[in-house]
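Undergrad: Sequence:
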Amino acid sequence: MKLRVKTILTRIKPGSAIAKGIVVLLSCLLGAYITGRFHEGSKYMGAMLAAISGIVVLQDDFKTSIHQGWLRVAGTFIGSCIAYAYLTWFPFTITGMVISVLILDLLCMAIGLPDGSKMAAITLVVIMIVSIMSPDISPLLNGLLRFTEATVGALIGITLAWILQRIPAKKGS
Numbered sequence: 001m002k003l004r005v006k007t008i009l010t011r012i013k014p015g016s017a018i019a020k021g022i023v024v025l026l027s028c029l030l031g032a033y034i035t036g037r038f039h040e041g042s043k044y045m046g047a048m049l050a051a052i053s054g055i056v057v058l059q060d061d062f063k064t065s066i067h068q069g070w071l072r073v074a075g076t077f078i079g080s081c082i083a084y085a086y087l088t089w090f091p092f093t094i095t096g097m098v099i100s101v102l103i104l105d106l107l108c109m110a111i112g113l114p115d116g117s118k119m120a121a122i123t124l125v126v127i128m129i130v131s132i133m134s135p136d137i138s139p140l141l142n143g144l145l146r147f148t149e150a151t152v153g154a155l156i157g158i159t160l161a162w163i164l165q166r167i168p169a170k171k172g173s
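All residue numbers for the sequence shown refer to this note's numbering, where the first residue is 1 and numbers rise by one.
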């Protein structure tokens, strides 16, 4: 199959690429800043999680971005709550983390949020791992920071999707 230059160029959306770069920049800066104010040891984890959230949420369609943002925030909230409950009563173990993910997945299915279980599981795993990397952080602060980072990234992704939707498309594209 021979690809033509024109075909390749029509696939390129510079606005989307620039928006993704802006989402990563703003999410990293804000995620690191917010987390660093409360827990210096996990500020780069905060930057990473905010950026991941922003990337996941940023879509070409604003309505889809809103939906992805809702899934991200709801899933992160559930993952944070289950990780908090587990770490409040038990020390970290791989077995405990796996059982927590299973419970979390079943809960998301039961409440009608199966797509949110992926984000919930990611959040839970990150909170559990941060708890062993930084044992000085309380389960409550750890969960609140991860939830905040995901929410910040989601809001930035949604905002950029909204801005992109308002930029008129070129004729013929």
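Think of the hints as simulated: they come from the structure by calculation, not from any bench. For clarity, every value in this text was computed on a predicted model and none was experimentally measured. Note that beta-carbon positions come from the ideal geometry of N, C-alpha and C, so glycine has one too. Careful: at least some of the hints might be erroneous.
[Claimed, not checked] Okay, derived cross-link-like pairs now, DSSO-like style, lysine-lysine, Cα gap no bigger than 30 Å in a straight line:
#: 1; residue 1: Lys63; residue 2: Lys118
#: 2; residue 1: Lys13; residue 2: Lys63
#: 3; residue 1: Lys6; residue 2: Lys20
#: 4; residue 1: Lys20; residue 2: Lys118
#: 5; residue 1: Lys20; residue 2: Lys43
#: 6; residue 1: Lys43; residue 2: Lys6
#: 7; residue 1: Lys118; residue 2: Lys13
#: 8; residue 1: Lys6; residue 2: Lys118
[As the list claims (entries may be wrong)] Cβ pair distances, simulated, as ranges:
#: 9; residue 1: Thr88; residue 2: Gly36; range: 21 to 31 Å
#: 10; residue 1: Arg37; residue 2: Ile8; range: 36 to 46 Å
#: 11; residue 1: Pro14; residue 2: Ile111; range: 50 to 60 Å
Undergrad: Please go over all the hints and tell whether each is borne out by the structure.
TA: Verification of the hints:
Between the alpha carbons of Lys63 and Lys118 the distance comes to roughly 20 Å, so the proposed pair stays at or under 30 Å and holds. A C-alpha spacing of about 19 Å is found between Lys13 and Lys63, which places the hinted pair at or below 30 Å, so the restraint holds. Between Lys6 and Lys20, the direct Cα distance comes to roughly 24 Å. Compliance with the 30 Å bound is thereby established for this hinted pair. Under the criterion of a C-alpha separation no larger than 30 Å, the hint pairing Lys20 with Lys118 is consistent with the structure, at around 21 Å.
Taking the CA atoms of Lys20 and Lys43, the gap is about 21 Å. The hint holds against a cut of 30 Å. In summary, the hint linking Lys43 to Lys6 is not supported, as the alpha carbons are separated by about 44 Å, beyond the 30 Å threshold. Between Lys118 and Lys13 the CA atoms are separated by roughly 28 Å; this keeps the pair inside 30 Å, and the hint holds. Only pairs whose Cα atoms come within 30 Å are accepted, and Lys6 paired with Lys118 is rejected, the gap being roughly 38 Å.
For the pair Thr88 and Gly36, the supplied restraint of 21 to 31 Å holds, since their beta-carbon distance comes to about 24 Å. The hinted window of 36 to 46 Å between Arg37 and Ile8 holds, with their beta carbons roughly 45 Å apart. Evaluation of the 50 to 60 Å hint for Pro14 and Ile111 yields a failure: the beta carbon distance comes to about 40 Å.
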